[in-house]
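K.L.:
Between the sequences and the hints, there should be enough to build the whole structure, so can you do that?
Using this note's numbering, read the sequence shown as starting at 1 and increasing by one per residue.
Treat the hints with caution; some may be incorrect.
[Said to hold, decoys possible] In silico SDA-like cross-links for lysine to any residue, where the CA-CA straight-line distance does not exceed 20 Å:
| hint | residue 1 | residue 2 |
| --- | --- | --- |
| 1 | Lys43 | Ser95 |
| 2 | Lys43 | His79 |
| 3 | Lys96 | His79 |
| 4 | Lys41 | Met73 |
| 5 | Lys29 | Thr99 |
| 6 | Lys107 | Ile75 |
| 7 | Lys43 | Ala21 |
| 8 | Lys52 | Asp115 |
| 9 | Lys107 | Phe85 |
| 10 | Lys107 | Ala78 |
| 11 | Lys43 | Leu23 |
| 12 | Lys96 | Met108 |
| 13 | Lys29 | Asn58 |
| 14 | Lys107 | Ser95 |
| 15 | Lys29 | Lys43 |
| 16 | Lys96 | Ser31 |
| 17 | Lys41 | Lys107 |
| 18 | Lys96 | Asp64 |
| 19 | Lys44 | Ala78 |
| 20 | Lys29 | Cys104 |
| 21 | Lys29 | Leu106 |
| 22 | Lys52 | Pro90 |
| 23 | Lys44 | Met108 |
| 24 | Lys29 | Arg114 |
| 25 | Lys29 | Phe42 |
| 26 | Lys96 | Asn58 |
| 27 | Lys29 | Glu48 |
| 28 | Lys107 | Asp84 |
| 29 | Lys41 | Asp91 |
| 30 | Lys44 | Ile112 |
| 31 | Lys44 | Pro90 |
| 32 | Lys52 | Cys104 |
| 33 | Lys41 | Tyr113 |
| 34 | Lys41 | Met108 |
| 35 | Lys107 | Leu23 |
| 36 | Lys52 | Glu40 |
Hints are computed from structural coordinates only; laboratory data are not their basis. It should be emphasised that the depicted structure is a prediction, and the values quoted were computed from it without experimental measurement.
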Amino acid sequence: MENAPESKKMKNIQEGLGLDAPLIYIAGKVSGLHYTDVVEKFKKRENELLAKGFNVFNPCEFVDESFDWQQAMRICMAHLPYCDFIDMLPDWQSSKGATFERECALKMGIEIYRDEPSQNPVAEMIKNDF
Numbered sequence: 001m002e003n004a005p006e007s008k009k010m011k012n013i014q015e016g017l018g019l020d021a022p023l024i025y026i027a028g029k030v031s032g033l034h035y036t037d038v039v040e041k042f043k044k045r046e047n048e049l050l051a052k053g054f055n056v057f058n059p060c061e062f063v064d065e066s067f068d069w070q071q072a073m074r075i076c077m078a079h080l081p082y083c084d085f086i087d088m089l090p091d092w093q094s095s096k097g098a099t100f101e102r103e104c105a106l107k108m109g110i111e112i113y114r115d116e117p118s119q120n121p122v123a124e125m126i127k128n129d130f
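P.N.:
Take a look at the structure:
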């Protein structure tokens, strides 16, 4: 009997992408806001997360203001499965896209990142709704 080929070890996200820290995805409201304000808001959060040691997926670096909603979501959703966490900006609940990203992340087992434990029981219920 011939030797079976060696099984390939599945790499974790960091190994597969050559990252040295967890990858976190930023989600928040974009539509209806001035694009420069969106870029500033996402960049500020990116810098905060980088300072905490994360690698960051900032959608503003891949999508510009000329993209329609469907184009933007296709690009963003292609990256989401490779992230270890999703970070929800405070305005996420008023965003069709961020709400969708959150739902998909939870269904894929991607954790919602929290800076500190929530003191809000409603937030805790929402966190566990999937």
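K.L.:
Now look at each hint and say whether the structure bears it out.
P.N.:
Do the hints match the structure? See the list:
1. Lys43 x Ser95: holds (18 Å)
2. Lys43 x His79: holds (18 Å)
3. Lys96 x His79: Measuring from Cα to Cα gives roughly 18 Å; hence the hint holds.
4. Lys41 x Met73: holds (18 Å)
5. Lys29 x Thr99: The given pair, whose Cα atoms are some 9 Å apart, holds under the 20 Å limit.
6. Lys107 x Ile75: With Cα atoms ~19 Å apart, Lys107 and Ile75 stay inside 20 Å; holds.
7. Lys43 x Ala21: holds (19 Å)
8. Lys52 x Asp115: holds (10 Å)
9. Lys107 x Phe85: holds (12 Å)
10. Lys107 x Ala78: holds (15 Å)
11. Lys43 x Leu23: Within the cut-off at roughly 15 Å; holds.
12. Lys96 x Met108: holds (18 Å)
13. Lys29 x Asn58: holds (13 Å)
14. Lys107 x Ser95: Holds, at about 18 Å.
15. Lys29 x Lys43: Answer holds: Lys29 to Lys43 is near 14 Å, not above 20 Å.
16. Lys96 x Ser31: Holds - the C-alpha atoms of Ser31 and Lys96 are around 9 Å apart, at most 20 Å.
17. Lys41 x Lys107: violated (26 Å)
18. Lys96 x Asp64: OK: Lys96 and Asp64 at ~18 Å, within 20 Å.
19. Lys44 x Ala78: violated (23 Å)
20. Lys29 x Cys104: holds (16 Å)
21. Lys29 x Leu106: Distance ~18 Å between Lys29 and Leu106 Cα, so the pair holds.
22. Lys52 x Pro90: This hinted pair holds, its Cα atoms lying about 19 Å apart.
23. Lys44 x Met108: The hint is violated at about 27 Å.
24. Lys29 x Arg114: holds (18 Å)
25. Lys29 x Phe42: holds (10 Å)
26. Lys96 x Asn58: With a Cα-Cα distance of about 18 Å, the restraint between Lys96 and Asn58 holds, given a limit of 20 Å.
27. Lys29 x Glu48: holds (18 Å)
28. Lys107 x Asp84: Holds, at roughly 13 Å.
29. Lys41 x Asp91: holds (11 Å)
30. Lys44 x Ile112: holds (19 Å)
31. Lys44 x Pro90: Holds: Lys44 and Pro90 sit about 13 Å apart, inside 20 Å.
32. Lys52 x Cys104: violated (25 Å)
33. Lys41 x Tyr113: OK: Lys41 and Tyr113 at ~17 Å, within 20 Å.
34. Lys41 x Met108: violated (26 Å)
35. Lys107 x Leu23: Status holds; Cα separation ~18 Å.
36. Lys52 x Glu40: Within the cut-off at roughly 19 Å; holds.
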